[in-house]
Amino acid sequence: MTCEQWSMEFKQWLDRDWTDGADPSCPPSLQQHGEHCSRCGPRLQAALLLVEGKSLDRQAPPGLAERIVERMGSGTPIRSKAWLPWIGIPAAALLLIALGFLLVLRAPGRSAGETIVVRFELQAPDAREVSVVGNWNRWNPAAQKLKDPDGDGVWEIEIHLNKGEEHQYQFLIDGENWIPDPEAPLQVEDGFGGVNSVLQI
Amino acid sequence: MTEESQKHKDAEDLWAVQATLKGNADAFETIVRRYTPVLYSLAYRLLGEGEEAEDAVQEILEKAFKNLPRFRINKRFFPWLYTIGVNHLRSLERRRRRRSRLRIVSSEPGRILESIASEQGNPVEQRELREGERLAQQALEALRVEYREVFILRQIQDLSVQEVAEVLGIPEGTVKTYLHRARKGMIDFLTGSGWE
Chain L
1 MTCEQWSMEF KQWLDRDWTD GADPSCPPSL QQHGEHCSRC GPRLQAALLL VEGKSLDRQA
61 PPGLAERIVE RMGSGTPIRS KAWLPWIGIP AAALLLIALG FLLVLRAPGR SAGETIVVRF
121 ELQAPDAREV SVVGNWNRWN PAAQKLKDPD GDGVWEIEIH LNKGEEHQYQ FLIDGENWIP
181 DPEAPLQVED GFGGVNSVLQ I
Chain E
202 MTEESQKHKD AEDLWAVQAT LKGNADAFET IVRRYTPVLY SLAYRLLGEG EEAEDAVQEI
262 LEKAFKNLPR FRINKRFFPW LYTIGVNHLR SLERRRRRRS RLRIVSSEPG RILESIASEQ
322 GNPVEQRELR EGERLAQQAL EALRVEYREV FILRQIQDLS VQEVAEVLGI PEGTVKTYLH
382 RARKGMIDFL TGSGWE
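As they're listed, the protein sequences go chains L and E.
Residue numbers for the first sequence, in the numbering used here: 1 to 201.
Residue numbers for the second sequence, in the numbering used here: 202 to 397.
Treat the hints as calculated values from the structure; they're not laboratory data.
We put the beta carbon where it would ideally sit given N, CA and C, even for glycine.
Honestly, I wouldn't trust all of these hints.
A few chain E residues facing chain L, derived, Cβ under 8 Å [as the list claims (entries may be wrong)]:
| hint | residue |
| --- | --- |
| 1 | Thr237 |
| 2 | Ala340 |
| 3 | Glu342 |
| 4 | Arg345 |
| 5 | Glu347 |
| 6 | Ile357 |
| 7 | Gly386 |
| 8 | Met387 |
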């Protein structure tokens, strides 16, 4: 069998049904040529590994789990100390500390007991723009932008929200990076693979 | 794994999570030891780099540890952990791709065969096995990341279609579609014109 003939048969074999339970073994003629041909052999081996799948399971280096345990140390995860690794902002801005929201109940902010004022604060020193986007503003990114008047990296806004309702929200950084509030006590799936923070007041 | 042993494993996971949250300093170690091998395999196949995969496993487990208070105890732990893992690996992969565009050029199949041919002193079969795995990894890396994730989780790590859908947050039908496209992409890679 020439390499050209082998290639044609190889393609025919791979083009067959690969559904679960299919026989992963290849025709003897493919095997025989593949074993003796340095050009075709690696392709056959690669195909066999991919067809079988589990053979590509990669063993972890010895002692990796022990090294990780040692490096991690011990302790109890505490929500208030959570740091959110920030992955979308370049170099120096890799970390964002989310301080979360501060609920501020203020008498003047109440409207006959129907609304209360909620103060949102987010520390994002490298952000150019921060919005809080939630169901109360119909997820409009332009509706409620936070401000950082003193330039200390803490963005803030006060918003009147209806009392007795559940409010879902996320922060939007620079118009493209959505993050839930890591300090919020409740989170729900947002239907897009992420989570929304939940505020019940 | 049988359904019963899976349930037993899930129950052990939940015990470890609850114990960790209650302050049992050693409980999370159970999680680390149990999931380091599968997370490493996942990271290695998604990133294609052993050293980077090691660091990634630690970062994933640290992330899971810190986010443990947000884990809902009525859910299974391992899809939750896998979701954290996949999301973290996606971010690393994005950075890695930006860093290493030139590497893609140098991994053109024909050139690899030449380098195999130039090696001396290795038994042919061993060389082909090693190169076969390298090519399999290249075929994986040539896929769109969505297809690769599905292929790795379903075909290599043996998660069910339902579990893959849960981990990636996509419908089961999409998992099947991506799996089909992944296989087609790898066939195209291995039978492509670069080999003729």
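Quick rundown of the hints versus the structure:
1. Thr237: 4 Å, holds
2. Ala340: The hint holds - alanine 340(E) has a Cβ within 8 Å of chain L, the shortest such distance being about 6 Å.
3. Glu342: Violated, about 12 Å.
4. Arg345: The hint is violated - arginine 345(E) has no Cβ within 8 Å of chain L, the shortest such distance being about 16 Å.
5. Glu347: 12 Å, violated
6. Ile357: It holds, given that the least Cβ distance between isoleucine 357(E) and chain L is near 5 Å, below 8 Å.
7. Gly386: Hint violated; glycine 386(E) Cβ to chain L Cβ min 11 Å, cut 8 Å.
8. Met387: OK, holds: methionine 387(E) within 8 Å of chain L, min 5 Å.
In terms of the numbered hints stated before, the structure departs from hints 3, 4, 5, 7, listed from lowest to highest.
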